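Protein chains in written order, with the UniProt record's numbering: chain X, 1 to 259; chain G, 1 to 259.
Any given hint could be a false lead.
Dumping the calculated DSS-like pairs for lysine-lysine here, alpha-carbon to alpha-carbon at most 27 angstroms [to be verified]:
#: 1; chain 1: X; residue 1: Lys-68; chain 2: X; residue 2: Lys-24
#: 2; chain 1: X; residue 1: Lys-216; chain 2: X; residue 2: Lys-128
#: 3; chain 1: X; residue 1: Lys-128; chain 2: G; residue 2: Lys-179
#: 4; chain 1: X; residue 1: Lys-216; chain 2: X; residue 2: Lys-198
#: 5; chain 1: G; residue 1: Lys-155; chain 2: X; residue 2: Lys-128
#: 6; chain 1: X; residue 1: Lys-142; chain 2: X; residue 2: Lys-155
#: 7; chain 1: G; residue 1: Lys-13; chain 2: X; residue 2: Lys-53
#: 8; chain 1: X; residue 1: Lys-155; chain 2: G; residue 2: Lys-128
#: 9; chain 1: X; residue 1: Lys-155; chain 2: G; residue 2: Lys-216
#: 10; chain 1: X; residue 1: Lys-24; chain 2: G; residue 2: Lys-155
#: 11; chain 1: G; residue 1: Lys-221; chain 2: X; residue 2: Lys-24
#: 12; chain 1: G; residue 1: Lys-221; chain 2: G; residue 2: Lys-251
#: 13; chain 1: X; residue 1: Lys-179; chain 2: G; residue 2: Lys-216
#: 14; chain 1: X; residue 1: Lys-68; chain 2: G; residue 2: Lys-24
#: 15; chain 1: G; residue 1: Lys-221; chain 2: X; residue 2: Lys-13
#: 16; chain 1: G; residue 1: Lys-68; chain 2: G; residue 2: Lys-155
#: 17; chain 1: X; residue 1: Lys-142; chain 2: X; residue 2: Lys-198
#: 18; chain 1: G; residue 1: Lys-53; chain 2: X; residue 2: Lys-251
#: 19; chain 1: X; residue 1: Lys-13; chain 2: G; residue 2: Lys-24
#: 20; chain 1: X; residue 1: Lys-155; chain 2: X; residue 2: Lys-221
#: 21; chain 1: X; residue 1: Lys-128; chain 2: G; residue 2: Lys-128
Derived coverage of chain X by chain G (criterion: at least 3 residues anywhere in the stretch with Cβ under 8 angstroms from a Cβ of chain G; other residues may be distant) [stated by the list, open to error]:
#: 22; region: 81-88
#: 23; region: 110-121
Not everything, but these chain X residues come out facing chain G in the computed CB check (under 10 angstroms) [claimed, not checked]:
#: 24; residue: Ser-11
#: 25; residue: Asp-94
#: 26; residue: Tyr-100
#: 27; residue: Ile-104
#: 28; residue: Glu-144
These aren't lab readings, by the way, just hints derived from the structure by calculation.
Computed from a predicted model, the values in this text were never measured in an experiment.
Ideal Cβ positions, reconstructed from N, Cα and C, are used throughout, including at glycine.
Each chain, written out:
2 protein chains.
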Amino acid sequence: MLTFVGLGLYSAKDITVRGFEAVKSADIVYFEEYTSSLGGCDRLTLEEVFGRKIYPLSREEIENEPEKILLHATSYNVLLLTGGDPMIATTHVDLRLRAYDRGIRTNIIHAPSIFTVVPGITGLSSYKFGKTATISFPYRDKAESISDLPYDTIKQNRSHGLHTLLLLDITHERQMTIKDALEILETLETRHGEGLMKDLIFVGIARAGSEDMVVKAGGMKTLMEFDFGTPLHVLVAVGDLHFMEEEALCKFAGLERDL
Amino acid sequence: MLTFVGLGLYSAKDITVRGFEAVKSADIVYFEEYTSSLGGCDRLTLEEVFGRKIYPLSREEIENEPEKILLHATSYNVLLLTGGDPMIATTHVDLRLRAYDRGIRTNIIHAPSIFTVVPGITGLSSYKFGKTATISFPYRDKAESISDLPYDTIKQNRSHGLHTLLLLDITHERQMTIKDALEILETLETRHGEGLMKDLIFVGIARAGSEDMVVKAGGMKTLMEFDFGTPLHVLVAVGDLHFMEEEALCKFAGLERDL
């Protein structure tokens, strides 16, 4: 049996009680920390809090050598821990499909995910988010290699009055900041010249779910000058605002606007 | 201080460890079970599992008499439990804003939500969901009172290749089933005559997150004839399928289709 367990967003306490019990009773516990980074703790902290050995797994080990995990899961009760909700990453969906093909039972124990937490923190309605986009670091830092996808997604969602959740790239070397992301969007604005970003309100969220979370709403320029502190960062491009959403942005995210 | 704590989707064990600790240390614990129903347990079960008194609150008590809760929260550490993630319901955003106006500190402890769990269960990519819609019971059961909103939302999302999460109405008397929802969509199809539902794949999910969860994908007719068992039910209208999403629907949701 292979059980996928989400750790939620920040600390070892963001796992559900059901997930915690599963960790205690599993034969083998793996931790895959590359598709989604846990903000406030690492594998050793998890070992200490959960009181058991936890084996690290790289994304490559899951993608290129899944047989090792699957072989274990045919005879043992194997558990795979991951930040956020365990089924957001395609890598894990793929592993679940491979397990199915080998007749291995799978189970999912869900956890809070950035997809749900961001509307909650900002007060923006979950019903009014359109398609999500990821902002990636440009290949070899070249402006011409920047993908149009985030720009096109914001434009499409905005034309329907919808908000866009913008996830920021995490690589082995670097975690993208809100400033990095806004600079990339600025480059895309220059490329397109459509003025899409001109009156756009953004909400930046740093260290979602932690004690020192920071949430700040404003135009591109305001957020570029704002000090969000260390990653993880995430960004929302705001669509049409219901009055209660606007009130929430003013009160919980310091939006300065005449109501 | 007023802390909003999500209970997740099904049992008393779907709360996070952080949430569980907050319940134990709070002065007063309320449970609001009307904006989002917890599938597998009620207030008395929660009292037993959490080992403390939990006071019921109706949606009306929060919306019409928030002062009682806020008065308590000025002097005590008050906690409000709710199914799913605590900040999906506008009612709770409104209460948080009122607390802010009175200078009461608020805190959110997130939990797994249907918005995240549905992509995970179905294998449909979180990135490819468009706007969400709710299917409501028609006023006095009259077909002409059925809102066009779910139809228009599916149509708009589908035109961009996106999936639509369809939440089903819960009233004091009745919980909408997948069959009820599909009948409403069929009535809308007759009204519009655009053939939108003709080739549409739906995924029905019953009792998400429980041991006896049922997930079934297929056309409208297939799902109408399928026995999903008791609520809670939820529905997805599928957009364009990536091959891995299609594989997941075939393997985990019994979609019959030539690949």
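Results for each hint:
1. With a C-alpha separation of about 22 angstroms, the suggested pairing of Lys-68 of chain X with Lys-24 of chain X holds against the 27 angstroms cut-off.
2. Between the alpha carbons of Lys-216 of chain X and Lys-128 of chain X the distance comes to roughly 19 angstroms, so the proposed pair stays at or under 27 angstroms and holds.
3. In summary, the hint linking Lys-128 of chain X to Lys-179 of chain G is supported, as the alpha carbons are separated by about 26 angstroms, within the 27 angstroms threshold.
4. For a cut-off of 27 angstroms, the pair hint linking Lys-216 of chain X to Lys-198 of chain X stands: about 18 angstroms separates their Cα positions.
5. Among the hinted pairs, Lys-155 of chain G with Lys-128 of chain X is consistent with the structure: their alpha-carbon atoms are about 16 angstroms apart, no more than 27 angstroms.
6. The straight-line distance between the Cα atoms of Lys-142 of chain X and Lys-155 of chain X is roughly 23 angstroms, inside the 27 angstroms bound, and the hint therefore holds.
7. This hinted pair checks out: Lys-13 of chain G and Lys-53 of chain X have alpha carbons roughly 23 angstroms apart, not beyond 27 angstroms.
8. Annotation: proposed proximity of Lys-155 of chain X to Lys-128 of chain G holds, straight-line Cα distance about 16 angstroms (limit 27 angstroms).
9. Taken as a hint, the Lys-155 of chain X and Lys-216 of chain G pair is broken in the structure, with Cα atoms around 34 angstroms apart against an allowance of 27 angstroms.
10. Using a Cα cut-off of 27 angstroms, the hinted pair Lys-24 of chain X and Lys-155 of chain G is violated, with the two alpha carbons roughly 46 angstroms apart.
11. Taking the CA atoms of Lys-221 of chain G and Lys-24 of chain X, the gap is near 44 angstroms; set against the 27 angstroms cutoff, the hint is violated.
12. A threshold of 27 angstroms between alpha carbons decides the hint, and for Lys-221 of chain G with Lys-251 of chain G the separation of about 20 angstroms falls inside it, so the pair holds.
13. At most 27 angstroms may separate the alpha-carbon atoms for a hinted pair to count; Lys-179 of chain X and Lys-216 of chain G exceed this at roughly 43 angstroms.
14. Taking the CA atoms of Lys-68 of chain X and Lys-24 of chain G, the gap is about 41 angstroms. The hint is violated against a cut of 27 angstroms.
15. Simply put, Lys-221 of chain G and Lys-13 of chain X have alpha-carbon atoms about 44 angstroms apart, too far for the 27 angstroms limit, and the pair is violated.
16. In summary, the hint linking Lys-68 of chain G to Lys-155 of chain G is not supported, as the alpha carbons are separated by about 44 angstroms, beyond the 27 angstroms threshold.
17. Taken as a hint, the Lys-142 of chain X and Lys-198 of chain X pair is honoured in the structure, with Cα atoms around 24 angstroms apart against an allowance of 27 angstroms.
18. Note on Lys-53 of chain G and Lys-251 of chain X: the hinted pairing is violated, with a Cα-Cα distance of about 33 angstroms set against a maximum of 27 angstroms.
19. As the CA atoms of Lys-13 of chain X and Lys-24 of chain G are separated by approximately 14 angstroms, the hinted pair is consistent with the 27 angstroms bound.
20. Pair hint Lys-155 of chain X plus Lys-221 of chain X holds up; C-alpha atoms about 19 angstroms apart against a cutoff of 27 angstroms.
21. In summary, the hint linking Lys-128 of chain X to Lys-128 of chain G is supported, as the alpha carbons are separated by about 14 angstroms, within the 27 angstroms threshold.
22. Here's how the region 81-88 of chain X fares: 4 of its residues keep a CB closer than 8 angstroms to some CB of chain G, so the rule of at least three is met and the hint holds.
23. Counting residues of the region 110-121 of chain X whose C-beta sits closer than 8 angstroms to any C-beta of chain G gives 10, which meets the bar of three, so the coverage hint holds.
24. For Ser-11 of chain X, the interface hint holds, since its Cβ comes within 10 angstroms of a Cβ in chain G; the closest pair sits about 7 angstroms apart.
25. With a cut of 10 angstroms, the hint placing Asp-94 of chain X at the interface with chain G holds, because the nearest CB-to-CB distance is about 7 angstroms.
26. The beta carbon of Tyr-100 of chain X is positioned within 10 angstroms of a beta carbon in chain G (closest approach about 5 angstroms), and the interface hint is therefore held.
27. Taken as an interface hint, Ile-104 of chain X does not check out: its beta carbon lies about 12 angstroms from the nearest beta carbon of chain G, beyond 10 angstroms.
28. Violation of the interface hint for Glu-144 of chain X is found here, the shortest Cβ-Cβ separation to chain G being roughly 24 angstroms, above the 10 angstroms cut-off.
Of the hints listed earlier, those the structure fails to meet are numbers 9, 10, 11, 13, 14, 15, 16, 18, 27, 28, in rising order.
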